[in-house]
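Engineer: Let the hints inform the model, and build the full structure from the sequences given.
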Amino acid sequence: MKRSVLILVTSFFVLLLAVSTSNDVMEAVFNYRSTSSLLKSDKYFYGDLFGLSYLPRFKMKLDFATAEVGREKCTRPRTINLFVAGDSYLGEYYVKDHTPFCGVKSYRFLRVNLSEVGMVEPIKGETNLLLVEMVERDLRRYKDPDYLLQKLRIEDTPVKLTIRQLNAVIKKTFFNEINRHIEYNLFSYSCFTPIKEFKASFNFTFFKRIAGDVYLPPDTSRLLFLPTVDPLSRSSSFVSISDEEIDAIVRSLNHLHHYYTKKGFDEVYFSAIPNPVSVLYPGIGTYNNLIPRIQNHPGLLIPIVNIYDCFTSTEQDIYFKNDSHWNMNGFTLWLNEFNKILERRAR
Amino acid sequence: MLFNSLHFFVFFIIVTSLYFLIPHQRRWSLLLISSCYFYMAFIPIYILILGFTVIIDYFAGILIESTAGDKKRIFLVCSLIANIGVLAAFKYYNFLNDNLSFLMHGIGRSNPVPYLSIILPIGLSFHTFQAMSYTIEVYRGRQKAERHFGIYALYVMFYPQLVAGPIERPQNLLHQFHEQHPFSAENFKTGLLQIAFGLYKKVVIADRLAMAVDYAYGNVQDQSGLSLLIASVFYSFQIYCDFSGYSDIAIGSARIMGVKLMSNFNAPYFSQSIGEFWKRWHISLSTWFRDYVYIPLGGNRCGPLRVRFNLMAVFLLSGLWHGANWTFVIWGTLHGFFLIIEKQLSLLLVKVVPVNGSDAIVRVLRTATTFAAVTAAWIFFRAETFEKALVILGKLVHISPFDRIDLKLNAAELLFSVLLILFLVIKESGSVKVNIRPNRIFIPVIVLIACICYFFGVFNQKQFIYFQF
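Residue numbers (our numbering), protein chains in the order written: chain Y, 1 to 347; chain U, 1 to 469.
Hints in this document: simulated from the structure, not taken from any laboratory.
Note that the structure is a prediction, hence the values are computed from the model and not measured.
Be aware that one or more of the hints could be misleading.
[As the list claims (entries may be wrong)] Here are the computed distance ranges between Cβ atoms for each label pair:
1. Y:166 <-> U:267: 41 to 47 Å
2. Y:170 <-> U:422: 43 to 49 Å
3. U:267 <-> Y:202: 47 to 53 Å
4. Y:166 <-> U:317: 31 to 37 Å
5. U:445 <-> Y:172: 36 to 42 Å
6. U:291 <-> Y:191: 52 to 58 Å
7. U:406 <-> Y:343: 33 to 39 Å
8. Y:219 <-> U:411: 20 to 26 Å
9. U:306 <-> Y:172: 52 to 58 Å
[Stated by the list, open to error] Straight-line C-alpha distance at most 20 Å; calculated SDA-like pairs for lysine to any residue:
10. Y:199 <-> U:456
11. Y:171 <-> U:41
12. U:408 <-> Y:207
Cβ atoms here follow ideal geometry from the backbone N, Cα and C, with glycine treated the same way.
Structural biologist: Next comes the structure, spelled out in structure tokens:
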């Protein structure tokens, strides 16, 4: 009897470890559970920042209703093939197909943060545009030219397995995000949410402390992603950035532009999405002006979709209060700006 | 894989369950594979370094045992060179190069020796010292060379104590891998309770205090003397709870499988002298230095000057063992000085004022003085640079009770942290004893500790301090 129980326990945990180790299986688990009512997780359902902090007052369902309100009309014929190498700001919650884009007949989204980014190939004889989009907190990756080569596979670099690479491969294959995966598989169910909320409330009430990578700004009206606020983090809007680093980022972006236009794209655009803290609370630290410094750099050759000026001047609420992303207002403002560019191209 | 992670939780359950499911003859291979997996969760490729030292020392042990005279000594020296060589290359190369650069700069020249772009393998000093302990003991004839390669590899790589000790001796550990350990409820309860309390010390006390300490030591220029004093006292308890918490989890994990590891701490802050402190703090390391450095140098059995030299040498090495940084060297040297002064003073005091050691006030004063000295030395251990440590000491000299306290903790959390420390002190003093063996007490105690860890724990995946050594 005891032995049978032990075998059962062991089998369960071996299975759990195996599932949590495999990135592909975890993606399938994540997709399945996001639609399952029985195994539903609240981790991202109420916003990624709620899922990190579990503060009950920010437990609000994210509204992705694609209201056409504020979206400017476009009557241009759809002739453009649009390729977007972007992150979650343009993920499937915001854009499902080509229809929101002016003059665009086909749309292909390549998630730059994931490994399955393929080679971007323009379609011969047609208008092909490429948009590279990235949130401000990840922009400093561009200071390293290798980042572009690896993530966008700009060049067919011969595969040479060094010890460092072998190490990275083993780490990625067997230990990638394993704690997060185990937590998701073991404890990330709706039934555990009240306990997590109680813990979060208790710590906040008595110690004014929030768990996870979350920051509560002085007006306490929303949650912010801590690495974008902490001046010691490389993702922060308040970390000091030298002019040399800005030059390096601009060189990388120019390289990107040069490579893809040479490859056959009619134009390559770049769009940097500001961290919420850069727009809403630039005064809680000394803003490093990363986006303005790149966009106003005299050496920048890549055309930009400038959303920073628009965001800093608008009165609208453009970011979710419980999520690190923009809400539909923010997305629509960006879309209108981009559509102005597309409209000119579609003529 | 950190002991305070879910990954370890799952790993531990799997390994322990399998351990009791499979026959004794197969257990060494299970533990060895598990230990490799455990180590590779940090930096996978460094398993090769570990493999290198294991192979060298395995054959060195056999060769040392089967030879005599100079040959025997040569094999020992080769083994020690290989071990210290790995340590020197990975831990001390860039430190030495830094100092060379400093010296070259002083004479207006640039340093032509290149730096190595390497990350220190986790727990390198621990498993290297354990491996050296084996070859030295075989050389001294106090341990038979292990012929079973897998068992020997397990001696170096046994996962509970692989990355931060206790640094075991072959006489205590090797035979246990040969013995059969059936499941024992007594071992299970003792081990689980030790794991639970170790986890409590790490996530509830150490990692909470770390938030204040990291903040204060991260901005020493902006901190008041009072803030730095509180942060320094907090650090004394943080490092104790962090390291002894790790040791508790290691000892408890092994205990459940029937393997008894040596004790590493014995309420060190109750010590009444620095000498006593070193008998209670990181016992496995201090006894290592005693057995393999201090006594071979002559120990206490020589003239007073030589004894002082021996003490200083040991503590200097102990400082260097902790890290390739002058702050660690100064920390070690300070302890050496404290011990020498203590010896002088005790001789003097005994002659001038005979003190009754059982006097409560005297005991409290001694304990407080020892704690103050240990805390002062920890400042060098924790500070990132020597200059920062001096700034902290400077501010402590000009301390005022009206200084502003800014440790990123509100009043409630500050008070809570102090209460946690007080609770720990009461528990360590041994004044509260509860028999937890009966199931009706054991189960609620474990559940209570688990709940406290969950609700009051700080889960920021903070690495154990001693992993870096």
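Engineer: Would you mind marking each hint as holding or not holding in the structure?
Structural biologist: Evaluation of the provided hints:
For residue 166 (chain Y) and residue 267 (chain U), the Cβ-Cβ distance of about 46 Å falls inside the hinted range of 41 to 47 Å, so the restraint holds. With their beta carbons about 45 Å apart, residue 170 (chain Y) and residue 422 (chain U) fall inside the hinted range of 43 to 49 Å. The hint said 47 to 53 Å for the Cβ distance between residue 267 (chain U) and residue 202 (chain Y), and at roughly 31 Å that hint is violated. For the pair residue 166 (chain Y) and residue 317 (chain U), the beta carbons lie near 35 Å from each other, so the given range of 31 to 37 Å is met.
Between residue 445 (chain U) and residue 172 (chain Y) the beta carbons are some 41 Å apart, a value that agrees with the proposed interval 36 to 42 Å. Checking the proposed 52 to 58 Å range against residue 291 (chain U) and residue 191 (chain Y) shows it holds: the Cβ atoms sit about 54 Å from each other. About 54 Å separates the C-beta atoms of residue 406 (chain U) and residue 343 (chain Y), a value inconsistent with the hinted range of 33 to 39 Å. Between residue 219 (chain Y) and residue 411 (chain U) the beta carbons are some 23 Å apart, a value that agrees with the proposed interval 20 to 26 Å.
Distance hint for residue 306 (chain U) and residue 172 (chain Y): a CB-CB separation of about 55 Å, consistent with the stated range 52 to 58 Å. Of the pairs offered as hints, the one joining residue 199 (chain Y) and residue 456 (chain U) holds, with about 8 Å between alpha carbons and a cut-off of 20 Å not exceeded. A distance of roughly 7 Å separates the Cα atoms of residue 171 (chain Y) and residue 41 (chain U); the hinted pair therefore holds under the 20 Å criterion. Restraint check for residue 408 (chain U) and residue 207 (chain Y): satisfied, since their Cα atoms lie roughly 10 Å apart, inside the 20 Å limit.
Going through the hint list in order, the structure does not satisfy hints 3 and 7.
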